[in-house]
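Undergrad: Spelled out from the first residue to the last, the chains are:
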Amino acid sequence: MEVAAKNCKRVMVVDDAEIDRYMAEKIMTKYKFAEEVITVESAMDALEYLTSHQNMPDSLPCLILLDINMPEMSGFDFLDEYAKLPELVKRKCIIVMLSSSMLPEDHERAMLSPYVCDFLDKPLNPVKLQTVQAACFC
Amino acid sequence: MLNKLLQEQIKQHLGTDHPVELTCLFESISDSYNHYQLGKDGKADIDKLKKEIRESKDNNELLETLKESINILKEEDGAALQSTENVQVLQLARLLKEETRNRRDAEKQKLQHTAHLNACQKIVHIGSWEVDALAKPNDPHFWSDETFRIMGYDPGSIAPTYTTFFNAVHPDDRLPVITKLEGYYKTREPYEIEHRLIAKDGTEKIVRSIGEVIVDEETKEPIKIFGSLQDITHRKKIENELKNAHYELKTLFQNMQEAFYSIDMNANVVLQMSKACEEIYGYSADDFLKNVDLLMDVILEEDKHLIYNNYPAMNAGESFKQEYRILHKNGSLRWVEGRINPTLKDGKLVRLDGVTADITKRKMTEIALKENELKFRTLIENGSDGIAVTDEKLNLTFVSNSMLRLTGNTVEEMIGKSVYGFFPQEDMETLNQTSKALFDHPGVPAPIKGKFPKKDGTFFSYEGFVTNLLHDPCIHGFVTNFHDVTERQNAEEALKASNEELKKTNTELDRFVYSVSHDLRAPLASILGAIGYAETETAEPDMLQNLALMKRSAQKLDGFIVDILNYSRNSRLEIKQEKVDFNDLLSDVKNNLKYMGSGHTSVDIRINVNKSLPFYSDKSRISIVLNNLVSNSIRYCNPNITDPFVEVTVELSDSTAKLVVKDNGIGIDKKFHDKIFNMFYRLSKKSEGSGLGLYIVKETVEKLQGSFNLESEPGKGTEFTICIPNNNTQIDDDGSCC
Chain B
1 MEVAAKNCKR VMVVDDAEID RYMAEKIMTK YKFAEEVITV ESAMDALEYL TSHQNMPDSL
61 PCLILLDINM PEMSGFDFLD EYAKLPELVK RKCIIVMLSS SMLPEDHERA MLSPYVCDFL
121 DKPLNPVKLQ TVQAACFC
Chain P
1 MLNKLLQEQI KQHLGTDHPV ELTCLFESIS DSYNHYQLGK DGKADIDKLK KEIRESKDNN
61 ELLETLKESI NILKEEDGAA LQSTENVQVL QLARLLKEET RNRRDAEKQK LQHTAHLNAC
121 QKIVHIGSWE VDALAKPNDP HFWSDETFRI MGYDPGSIAP TYTTFFNAVH PDDRLPVITK
181 LEGYYKTREP YEIEHRLIAK DGTEKIVRSI GEVIVDEETK EPIKIFGSLQ DITHRKKIEN
241 ELKNAHYELK TLFQNMQEAF YSIDMNANVV LQMSKACEEI YGYSADDFLK NVDLLMDVIL
301 EEDKHLIYNN YPAMNAGESF KQEYRILHKN GSLRWVEGRI NPTLKDGKLV RLDGVTADIT
361 KRKMTEIALK ENELKFRTLI ENGSDGIAVT DEKLNLTFVS NSMLRLTGNT VEEMIGKSVY
421 GFFPQEDMET LNQTSKALFD HPGVPAPIKG KFPKKDGTFF SYEGFVTNLL HDPCIHGFVT
481 NFHDVTERQN AEEALKASNE ELKKTNTELD RFVYSVSHDL RAPLASILGA IGYAETETAE
541 PDMLQNLALM KRSAQKLDGF IVDILNYSRN SRLEIKQEKV DFNDLLSDVK NNLKYMGSGH
601 TSVDIRINVN KSLPFYSDKS RISIVLNNLV SNSIRYCNPN ITDPFVEVTV ELSDSTAKLV
661 VKDNGIGIDK KFHDKIFNMF YRLSKKSEGS GLGLYIVKET VEKLQGSFNL ESEPGKGTEF
721 TICIPNNNTQ IDDDGSCC
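Chains B and P supply the protein sequences, listed in that same order. Just so we're aligned: the first sequence equals residues 1 to 138 in the working numbering. Just so we're aligned: the second sequence equals residues 1 to 738 in the working numbering.
Here's a subset of chain B near chain P, in silico, CB distances under 7 Å, partners left out: (1) 19; (2) 20; (3) 100; (4) 123; (5) 125.
If you want the footprint, here are the derived chain B segments under chain P, 3+ residues with CB under 8 Å: (6) 25-35; (7) 102-112.
Below, simulated PhoX-like cross-link-like pairs (lysine-lysine); rule was C-alpha separation at most 20 Å, straight line: (8) P:590 <-> B:128; (9) B:128 <-> P:551; (10) P:551 <-> B:26.
No lab work stands behind these hints: they were computed from the structure. Computed from a predicted structure; not experimentally measured. Cβ coordinates follow ideal geometry from the N, Cα and C atoms, glycine included.
With the hints as extra help, turn the sequences into a complete structure.
TA: Written as structure tokens, this is what we have:
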């Protein structure tokens, strides 16, 4: 079974939990969701990556799977900073929240961001990848 | 006339040639002439007279004429000269002179008398009148000057008649006057009558009229009627006034509510006692007149000393006033006020004049008033409420003890001081606004609250009302009632603070529960993710079964965490009023539950929302309810049928939302219907639930002031009906649409 994202070569996973980064990479690779999976363990690392590649559109991820509950800088803090990035970057990237948060407020807040396309409950599985594919790349 | 006659005779008889001896005659004649003619033709021309006499030719004729003259004069005296008497001319002239002198003197005297009489009449206001007895009504009357004046005329200005007089008599008095006069004509007795008359100028006078008839000595026939008219208006007026005053005094004395009495201290008897004593003491005036001691006996034994105390003053001639109680004859107790005025003679008490007034009513009112005032004062002084009164300039005129207690001030530190001086600067504007409102709306209490400084520099909080009672004659000021709310306010503040604290704690707890649950759920999700991935990596049946067991346990644990989370959320969080879109909400529910794991995926979730009406309630709570019910339907679907489904129908109205969750699952036996909503109650042994789901549903629906109903039959399915009020309408519906 393949759930390849159309026109999406690179996916970035932002999660402090190593197992989740690992599983996400495994699943996406297995189902050939993307050619390349970049995993970062913090929002800061993600921002740094995006900033350092802002002039290289080809190196930017087309999808960012963003955890909410992370130490130091949460997923929402990331969204605030992300808003300050150049248009080029933002036009290239689609953000999908991936969290185990049950807070309805979290869900609502995330969906209010113009950059967030979908909100997924952990764990990630092929069915959910299909949802993303349907919701964000069609 | 006599003089003219003389003059003519002399002229006729003496001619120009006359003897020297006639000089005296000239003088006499001119004297007579002067006497009669004075003031008419001026002094007689003696020279002319002398000449005329000298020219007279016939001395005898002169002599006769002189004789005749003297006789005329002497006729009245009856001493006429006989014509035969040989009298010398000179002698005659002397006689004539003498007679003329006598007459002149008599005339003078008479004039003097008349003037005297007139003056007398004027002084005593008595006029006189005279009339012929047979005079007719319009025949002339003689009136004295004073009579003229009494009648309102200038003396001599009219010719008075009886009619003039009668017309002046007051119309109401004419009959008695006529009666009296007629009677008088008959009896000829002197008469006397007092009557009114209207003077010419219209003033009414009272006169006393006295009349007397002068009768001819011989014939006994009336000749003249003579009378007097006395103006007694003034006297009568005084008399009347005196009479009235006397009458009034008498009436007063008898009708006064005070008892007046006099005591002769020498004889030790009551001289007089007014009628009022009957009312005051119950004893008659006679009782007192007979027994001088009664006045003292009626005084209440314990009040007698009050009178004794006044004895020294009384003996010194000083009047005194004393309130005391007496025992009325009927046995009742009365308060009286006695005023006693002693009279001393040679330093000795001889007489007492006293007045006793019944003051029971006044005294009772006074006592009642005093008691009332005392009561109110006690209330005001002992009440915890502070009371302050200010005048129109907001200067304090009264402060209650409680206010002094609250502020720690003394009376001197507050009375007369402006209230502005007590309030802190920042309160001035409020104070001005309040006083303006008070001036604008007299009688309307204005609420006040704030902090008032104590003497020690601290403040107390007050709350109360100020009322403008400037118009009230008793108060004439602003009245402030207030109470110390410091403690209450402190308690309120403490309560508020602890409430805030509690809220904070609650929020923190909520946050904590979430954090913990997240920290619990996150690894569980990871585990589930790993298990899910592992399942796809192997075809080994044993391995798959093991993984499935692991997965179920992990899911159960996750469900448990979610339930606890929902429970805690429902019990603590406030109910929100937000717009609920059931289509959105149900599609979320559907999305949440479609990965409920293998074996359940085949359950069809159907959604029916009848119409789109604005509905306001707590979205997340409704979501919890629906999630629980739908997940139950999925969890307990009938494995033996081919088309398991769960159908959620929403019927919206202005007042409620009716939610029906219907499935064709395994159903619940009626005997468990009551129990399944209990906390931690689990029906199925193979249940994957926490035993909290339906309990949370029940609690949440109750929290939303809704109602629910369960219909279920084993093997057929289950139908939950929930009604939730629409808070848009603000109608406090109990949601009992089921």
